[in-house]
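**Student:** Residues per chain are reported as follows:
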Amino acid sequence: MRVRKSSGYCQLVAESFSAYLDRSLPASVEQEIAAHLEQCPECRQRLEGVKALVTDLKKLDGIEAGPEIAWSIKRAVRRLARREASMPSVRPLPFITSTVAAAILLIMVSMPGRMGNSPAQRSLSASPEIQTAQSPRWERYVLPAQVGEDNAPGLFEQQAAAQDSAAKREPSRIRGARAVRF
Amino acid sequence: MLIVTKKDVEQADLPLMSDEALLSNSLEGNLVAFDLLVDRYYDRLYGYLMRFLKDSDTAEDLLQETFLRVWRKRAEFKNIASFSTWIYTIAGNLARSEWRRRKRWRMLRLGPSRSENEADVELPDGRSGPDRIVEGRMAVEELAKELQELPERYREVVILRDIQEMTYEEIAGIVQVPVGTVKSRLNRGRLILQDKLGKWHEST
Ligand SMILES: [Zn+2]
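These protein sequences, in sequence, are chains A and B.
The first sequence runs 1 to 182 under this note's numbering.
The second sequence runs 1 to 204 under this note's numbering.
Since the hints were made in silico from the structure, they are not lab data.
Small disclaimer: the values here were computed from a predicted structure and weren't measured.
All C-beta atoms, glycine included, are put in the ideal place defined by N, C-alpha and C.
Hints are not guaranteed to be accurate.
Facing chain A, according to a computed beta carbon distance under 8 Å, are these residues of chain B, among others [claimed, not checked]: (1) LEU14; (2) GLY29; (3) ASP39; (4) LEU68; (5) PHE77; (6) ASN79; (7) ILE80; (8) SER82.
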């Protein structure tokens, strides 16, 4: 077999190194490369280098994350799962809806007795302390509680989200600063 | 593949399940099933992210973000690929965009550096002479450092093949290029690395 040698041909051989090492080339090509390698110390050296490199790269495996990292991932997934579960669009929280309905019903029931006074809506929005003075006793207990409860899921959700995003934002801010130095 | 319906499965059977079955168990909020997926993948993915980015804080952040994305998108997983391919693709996409973000930062601060330019990457830079290598540990560090300098499209393939020992087909699925492209990128990446590190490989 005639052995070809030129820098262009050497480059062509180098481009087949991985396939040559995998032994996935057609037999005729493999023989041609083997013949070239025998004649060409540069290519031989380069191929030996690639083989050594592949061996060395394996030593880069086995970085261990450590169990704390797994734990913090699991905690983060749980936070996310809780937030998802408390999202009204995902689960409409039927008991809240029914208590709000009950509250509206109560207001409507209270209306006739307060017709001459002030609209019941005002007791929902503004200064309940002033209103409680004239409100029937049950209303004092029920109405502010209903308003509070209606707000509650939103507040908790925001809190959870704030905690979560604070926990997430903190490291990324540090990371941003570090990236500048890279 | 193992097909398991969620209801008739005991928690005790979970460790024996395939990744895909665990994911489908987690669809209805089974966190124990999801925990097992975390246990199976966090170390491997961390290694991948660390070799790609060489920064443990970022690798940890991106590792967590990978699993959160898997959780959020768990209903979207269709068995078109294996779970393994899917989660690696998510991690790889995060790593690449993080890498590009850093690159932009560097460009803004320093202007294009030599290693940014792919044409220059192939030139040995003379910094990696044998005298720099005192012992094996240092050689490994040097190799890890040079790996960072490799353009990302070669780097990810070298990491997945030569460090994580995946098949060409798996890598093609993760990187989303044909198998032939994986092979040529692998060869090119190895040659670039070898030509930079050639001096000390001769001596070992
Ligand atoms: Zn040659």
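**Student:** Would you mind marking each hint as holding or not holding in the structure?
**Tutor:** So, going through the hints one by one against the coordinates:
{"no.": "1", "hint": "LEU14", "verdict": "violated, 14 Å"}
{"no.": "2", "hint": "GLY29", "verdict": "holds, 6 Å"}
{"no.": "3", "hint": "ASP39", "verdict": "holds, 6 Å"}
{"no.": "4", "hint": "LEU68", "verdict": "holds, 6 Å"}
{"no.": "5", "hint": "PHE77", "verdict": "violated, 15 Å"}
{"no.": "6", "hint": "ASN79", "verdict": "violated, 22 Å"}
{"no.": "7", "hint": "ILE80", "verdict": "violated, 24 Å"}
{"no.": "8", "hint": "SER82", "verdict": "violated, 20 Å"}
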